[in-house]
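Residue numbers (our numbering): 1010 to 1317.
FYI, nobody ran anything at the bench for these hints, they're computed from the structure. It is possible that some hints are incorrect.
What the hints assert, rightly or not - The calculated DSSO-like cross-link candidates involving lysine-lysine, where the alpha carbons are at most 30 Å apart (straight line), are: (1) 1222 / 1106; (2) 1178 / 1222; (3) 1104 / 1226; (4) 1104 / 1222; (5) 1226 / 1106; (6) 1033 / 1104; (7) 1106 / 1178; (8) 1110 / 1222; (9) 1061 / 1033.
What the hints assert, rightly or not - Simulated restraints on C-beta separations: (10) 1195 / 1059: 47 to 53 Å; (11) 1061 / 1145: 26 to 32 Å; (12) 1145 / 1081: 18 to 24 Å; (13) 1059 / 1118: 44 to 50 Å; (14) 1254 / 1149: 32 to 38 Å; (15) 1288 / 1310: 21 to 27 Å; (16) 1010 / 1115: 37 to 43 Å; (17) 1259 / 1311: 43 to 49 Å; (18) 1178 / 1010: 19 to 25 Å; (19) 1046 / 1259: 29 to 35 Å.
Think of the CB as a built atom: it goes at the ideal place given N, C-alpha and C, for glycine as much as any other residue.
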Amino acid sequence: NARAFAEAFGITRIYTDYREMLEKEQLDIVSICTWPHLHAPMVIDAARAGGKAIHCEKPMADTWGAARRMAEECERLGVKLTFNHQRRFGAPFRKAKALLKQGAIGELLRIEIGAGNLYDYGSHTIDLANYFNNETPAEWVIAQIDYREERLVFGMHNENQAFALWRYKNGVYGMMATGVGSSLVGCHHRLVGTDGVIEIGPSGENMPTLRLKQFGKGDWEAIDCGGEGLHGPGYIDRAIADIVAALREGRESELCARNALNATEIIFAAYESVRCRGRVDLPLTIEDNPLVDLVNKGELKPKPKEQE
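Work the whole structure out from these sequences, hints included.
See the structure below:
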């Protein structure tokens, strides 16, 4: 609880109402670590209270409209808004991006993702796909899901399995399989190019975290990541350091709202594709969360299960 946290870290004041804190304190950076449905109102309140920067947990918000509004309000007020897509700072992902820039696999053609779900876990993995593709926005998305057993993550519905395909504006394709279907991909990310393949987190025992295969040059080559895996507490430290440095240097952080919106749009467009039973062209103009809407209307009837 707040009191125990304050005692452990030498914090002199605690609040049970964040609005009271915003009113009484002169804050430089506000960190928001609540469940997704609270992100937008808390971000907007913090921005209007006059802080310089806000760092918020992912996923961005519970609806596409809320995600856009929080970003738009911070932009209007000149507040730097960032999101906790800290895995960008892990060695496997940094080194994979460096290999791409070096031309190790030629021209990037396709990014394949295997993940637990689209909305919660996918916020990380799709953000990473966008990172590998130089933050290029997507132009369309098509998807289908299976949602037979209720799965609530931080209060939000997440499908049991899904398959999604999208194309970026530069012609690169993204493909994602979630849940039990993620075994179709067999790794965390696969980057397919004209001259080779990069795999991050390949399935199997004793597999390297990062490996490279160049066509016509033999077998897979393990890439040293200094012992770092797909997750690591140091990634958050690096993310926070980038946010602080960006504020001091007057530049945009990699974790900016613009980049987070690119990933969030693909997620909600995938669910919209399920609802409209077809391809969804971007930009996405809906306001709601299509998956929640399908459940509320009874078009999807997941069997109730305990919340994670």
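Are there hints from earlier that the structure breaks, and if so, what are their numbers? Checked against the structure, the hints that fail are numbers 6, 16 and 18, while the rest are satisfied.
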